[in-house]
Amino acid sequence: MKFEAPGAAYSLKPAAGTTDWAGRLGRPARPVEACEKPGSVYILKKPAAGDNIQDVAATTRKAARTTERYMTNRAEVYDVAIIGAGVCGANIARKLSQYELRVALLEKEIDVSLGTSKANSGIVHGGFHDNKKYLKARLELKGALMFERLHEELDFPFERCGIVVVALHEDELRTIEQLYLQGVENGVIGIEMCSRERMLELEPKLSPDTMGGLYAPSGGIVEPYRFVFSLVESARKNGVDLITEFAAALARRKDDEWILTALDGREIRARYVVNSAGLFADTLSKAFGAEDFTIKPRKGEYYLLDKMTRAKPNRVVFPVPTAVSKGMLIIPTVEGTVLIGPTASAVEDKEDFSTTRQELEKILQSARIMIPSISETDVITSFAGLRPTCGEDFIVELSAKVPHLVQVAAIQSPGLTASPAIGEYVKDLLKKDGLRLVEKPDWDPYVDKVRRARDLSPWELDEMVAKDPAYGDIVCRCERVSEAEIVQAIRAGHSTLDGIKYVTRAQMGRCQGGFCAYKIIKILMRETGMSYEEVTKRGGGSYVLRGEL
Amino acid sequence: MKQLKFDAVVIGGGAAGMSAAAELRSRGYSALVIEREEELGGILLQCIHNGFGLIEFNEELSGPEFAQRIEERAVALGIETLCGTTVLEIRREGGFNVVYGVSSKHGGLRVEARAVVLAMGCRERNRGNIRIPGSRPSGVYTAGLAQRLVNIDGYLPGKDVVIIGSGDIGLIMARRLSWSGCKVHGVVEILPYPSGLTRNIVQCLEDFGIPLYLSHLTTNIRGKDRVKAVEITPVENGAVRFDKSFEIPCDTVLLSVGLVPENELSRGLGVEINPATNGPWVDSRLMTNVPGVFACGNVLHVHDLVDYVAEEARRAGACAAQWLAGDSPSRELRLKTGSNVRYLNPAKVDPDRENKIYLRSMVVKNSAVLEVRMDGKVVKSLKKAHVQPSEMLSLTLGPKDFADPGQMSANQAVQVEIAIV
Ligand SMILES: Cc1cc2nc3c(=O)[nH]c(=O)nc-3n(C[C@H](O)[C@H](O)[C@H](O)COP(=O)(O)OP(=O)(O)OC[C@H]3O[C@@H](n4cnc5c(N)ncnc54)[C@H](O)[C@@H]3O)c2cc1C
Ligand SMILES: Cc1cc2nc3c(=O)[nH]c(=O)nc-3n(C[C@H](O)[C@H](O)[C@H](O)COP(=O)(O)OP(=O)(O)OC[C@H]3O[C@@H](n4cnc5c(N)ncnc54)[C@H](O)[C@@H]3O)c2cc1C
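Top line first, the protein sequences correspond to chains A and B. The working numbering runs 157 ahead of the 1-based position in the first sequence. The working numbering runs 96 ahead of the 1-based position in the second sequence.
By construction, these hints were calculated from the structure, which means they are not laboratory data. Treat each hint with caution, since some may be false.
[Unchecked claim] Derived DSBU-like pairs (lysine-lysine); straight-line CA-CA distance at most 35 Å:
(1) A:LYS464 <-> B:LYS473
(2) B:LYS320 <-> A:LYS676
(3) A:LYS679 <-> B:LYS201
(4) A:LYS394 <-> B:LYS201
(5) B:LYS340 <-> A:LYS676
(6) B:LYS201 <-> A:LYS606
(7) A:LYS265 <-> B:LYS324
(8) A:LYS265 <-> B:LYS320
(9) A:LYS606 <-> B:LYS98
(10) B:LYS476 <-> A:LYS507
(11) A:LYS679 <-> B:LYS255
(12) B:LYS324 <-> A:LYS624
(13) B:LYS432 <-> A:LYS464
(14) B:LYS496 <-> A:LYS453
(15) A:LYS679 <-> B:LYS432
(16) A:LYS519 <-> B:LYS101
(17) A:LYS464 <-> B:LYS480
(18) B:LYS101 <-> A:LYS507
(19) B:LYS255 <-> A:LYS676
(20) B:LYS98 <-> A:LYS464
(21) A:LYS624 <-> B:LYS340
(22) A:LYS394 <-> A:LYS411
(23) B:LYS201 <-> A:LYS519
(24) A:LYS624 <-> B:LYS101
(25) A:LYS394 <-> B:LYS320
[What the hints assert, rightly or not] If you want the footprint, here are the derived chain B segments under chain A, 3+ residues with CB under 8 Å:
(26) 176-184
(27) 232-241
(28) 250-261
These numbers were taken from a predicted model, which means no experiment stands behind them. Every residue, glycine too, gets a C-beta built ideally from N, C-alpha and C.
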């Protein structure tokens, strides 16, 4: 099957001076006409004789959603193109969707939030870990306060459960006091120093060796990927174009515009560009001929424990931090499971999300020092995330070397907490750089709330089934996810097993898909018209089935 | 909201659920079986191989044939069924057990029942449970999911396969995939002996020349998008020999590393769980700590053979019927797990009738003896040519095994212990 590119300007000649993209462009770009896979902005040729009509129809449906608007305006120049749909890019996109602007959100993966924003601790930090001299501390403090409102508008799981920091030795109490003073200085509300007795009253499962600690009631937890999905949904609802599988590779200036070329040759034109490409922000910066910095990945590994674990604390439990890290935590997630970790180890490969036996052992050991009842039999899965590190602080600034580029780089912890404030901050930087901001009169901050079988009583579920019978088919038994929710996720554009998992939680519970994966595969095939060979775990070569009997 | 009333509700329509319901019906009680899937049969439906029914029907059947036999019997006896219906919750309301469910056909469902039989089966342990480090590519499946995909949906999960764990499902899948043109490169087992039945080792591995790596740990799974290889490390005298690790290239990893009873519903109701089985604690009637709530089949403890499941489920049905009739044992004795015994099920006996007890050994042993001791005195012993953890054992204890019942009723604290020596 062949696809036709929408625009004419598909030459792949980088302008003089633009840097190559990590050597990846070394291989010849595939001629656009020969692309087998529909990137989100390709349109299909009219089916030729011999083409399987079914396939053509299916791929068209798949590509249609994201393509629609882009297609009709393909000659247009975006006001802002945001590279990277992690939590930063998503917040920036949603913020900009409030204004009369044409905004494109570009993501190299098949879905949003598959980078660092997917695998982290999901904590809305308490504002006492860092000194206000750092930009990251100021953005954290501001961002943390924005979550209630966002939660109200965007329907993602969030809870202010509070944070405790546990001192297990006399000398750790000194650090606790410093954290307390820093918290007070930072204006953290309700922060308190705790005696041993107070700590054990707050968290009875803590080790009897607890000497005392710190309590910050304003700390919270979110489901980070659901946060990103909601932000992106809201941004799209307000006119932002999401273009997935667009791996920005080259950038050149022409007529006061940036022309961005993706690995597959597609191009996007924009007046302003935001580089929020996470771990790859350094390579992109070079592609723009902008600042030269290096992002070093630092891996954090986790164990996820079953909801049934008896070791679940009421609040996020931190050890006393060291100079280099906040240490390994015990986190009661919004969905009732418990996360322990993360470790911290420098790695080379930015795509290496593997976990290692040694690191995982460390997690169990150090978590048990704080809560001794943690058991390895409660482990349902392990995973790793990569912190994009570069120096001590975030880089959120206008490029000093090239025009109209905002760098949003080195967003390590507390990037998730700070991200709503980063959205505002970037908007201000763009304004300072001459972008005209006119508020949209009809901006709608709300997304449609998805009714989830897990949150409904049998009586409420009965009412839902009357409206949509698919609510009565429970596909994922561990997390109680109905077919209706899975279909809604697919129709919202999540077309991989992982995408559906992160949106709906199906396959995320104790059986990890053992019972429901085959059902989800079938629903995906039915809804999208994909053949079994096209079903993947998360795009690329992660196909799921290899043949028929 | 559909509202119903039954003498007994059975949750799960597998071998256990159908057998228990049939027994209740045959004793004159109304029984409703609620099954999540569109068809009755449970896990049997995907076990298209032979090897079922030798004890129950004296002939060798496939899983679906076995299921059909018990379904026909149960339906002939007049059990009611609701398929495509998921039970969401069981609650105690005013002395009744109330079962809440949902289906796309009927919407919400509320069933009042005096007795409830738990027969929800089990789930497979997965990669996270055994904590294999490495990357998280596609191509890692539990053996039962692969069995389902191949036998029912007709898809192959991959071509070059390594199976981790030597449980029966994995062994059977090794044969199934070999027949389907896949290459099975090996079965890796951490223990020094296989955990599946001996007949499956012979018929599924040896006959196909598939290597079995005993005392080998899977130490890594590699591959970014799709599995590329697994790293295997020998274990020698308890030490993991990383210096001797090697890789087996493959595109698919199947995990057959054990089953865990599915007791989320039971826990929600307040049923106490025995950590040794992950199933409910039950008394001599297979009744849990919640009055009127019984358990049988794989939800109670994982069985090797469906024939045992059917037997135990009939017993649960009969006991539920007796309970509905108001009968209860005048006294019960607690069983203690003695040396080398992982668990005993049930954990209590009624000394005034015959009791069937299933147990699992913790050791591999030739010429072993199963010993029943009362207050230290051996009252019964059974010779076994061979015991091993993967093969379930059983014994019966009846009134004649309990000496001097008079003394016993006076002394409720009498200790009955079962050990393997
Ligand atoms: C182990 C760990 C624990 C953490 N815990 C917390 C916490 O508890 N609280 C907290 O506040 N913060 C925490 N953080 C930090 C937080 O997760 C990050 O700061 C945040 O997710 C960064 O978001 P981002 O959008 O900058 O990056 P990302 O989420 O990585 O997004 C960047 C996106 O850009 C895309 N991209 C890359 N290159 C290109 C390209 N060329 N073209 C198009 N798209 C591209 C990527 O695919 C990706 O989707 C933690 C981080 C880690 C690793
Ligand atoms: C893969 C596999 C291969 C096997 N091979 C053999 C063999 O070769 N020979 C042999 O003799 N034995 C074999 N066995 C063992 C035997 O088949 C099983 O032990 C037996 O079938 C279990 O029956 P069950 O009724 O306890 O559980 P299941 O068959 O698992 O039935 C449980 C039922 O409960 C339903 N259910 C669960 N929760 C709910 C809910 N909330 N609401 C509604 N319904 C629910 C499920 O959908 C399922 O249908 C095998 C077992 C497995 C798992």
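Here is what the structure says about each hint:
1. A:LYS464 <-> B:LYS473: violated (44 Å)
2. B:LYS320 <-> A:LYS676: Given pair LYS320 of chain B, LYS676 of chain A holds - Cα atoms ~24 Å apart, limit 35 Å.
3. A:LYS679 <-> B:LYS201: Distance of about 20 Å is within 35 Å: holds.
4. A:LYS394 <-> B:LYS201: holds (34 Å)
5. B:LYS340 <-> A:LYS676: violated (40 Å)
6. B:LYS201 <-> A:LYS606: holds (25 Å)
7. A:LYS265 <-> B:LYS324: Distance of about 23 Å is within 35 Å: holds.
8. A:LYS265 <-> B:LYS320: holds (16 Å)
9. A:LYS606 <-> B:LYS98: OK: LYS606 of chain A and LYS98 of chain B at ~27 Å, within 35 Å.
10. B:LYS476 <-> A:LYS507: Distance of about 65 Å is beyond 35 Å: violated.
11. A:LYS679 <-> B:LYS255: holds (21 Å)
12. B:LYS324 <-> A:LYS624: Violated - the C-alpha atoms of LYS624 of chain A and LYS324 of chain B are around 46 Å apart, more than 35 Å.
13. B:LYS432 <-> A:LYS464: Satisfied, since the Cα-Cα distance of roughly 30 Å is no more than 35 Å.
14. B:LYS496 <-> A:LYS453: Answer violated: LYS496 of chain B to LYS453 of chain A is near 75 Å, above 35 Å.
15. A:LYS679 <-> B:LYS432: Violated, at about 48 Å.
16. A:LYS519 <-> B:LYS101: violated (53 Å)
17. A:LYS464 <-> B:LYS480: violated (41 Å)
18. B:LYS101 <-> A:LYS507: Status violated; Cα separation ~59 Å.
19. B:LYS255 <-> A:LYS676: holds (22 Å)
20. B:LYS98 <-> A:LYS464: holds (30 Å)
21. A:LYS624 <-> B:LYS340: violated (60 Å)
22. A:LYS394 <-> A:LYS411: holds (30 Å)
23. B:LYS201 <-> A:LYS519: violated (50 Å)
24. A:LYS624 <-> B:LYS101: Answer holds: LYS624 of chain A to LYS101 of chain B is near 26 Å, not above 35 Å.
25. A:LYS394 <-> B:LYS320: Distance ~33 Å between LYS394 of chain A and LYS320 of chain B Cα, so the pair holds.
26. 176-184: n = 3 at 8 Å, threshold three: holds.
27. 232-241: As far as the segment 232-241 of chain B goes, the hint holds, because 8 residues have Cβ atoms under 8 Å from chain A.
28. 250-261: holds (count 6)
Violated hints, listed in ascending order, are 1, 5, 10, 12, 14, 15, 16, 17, 18, 21, 23; each of the other numbered hints is respected by the structure.
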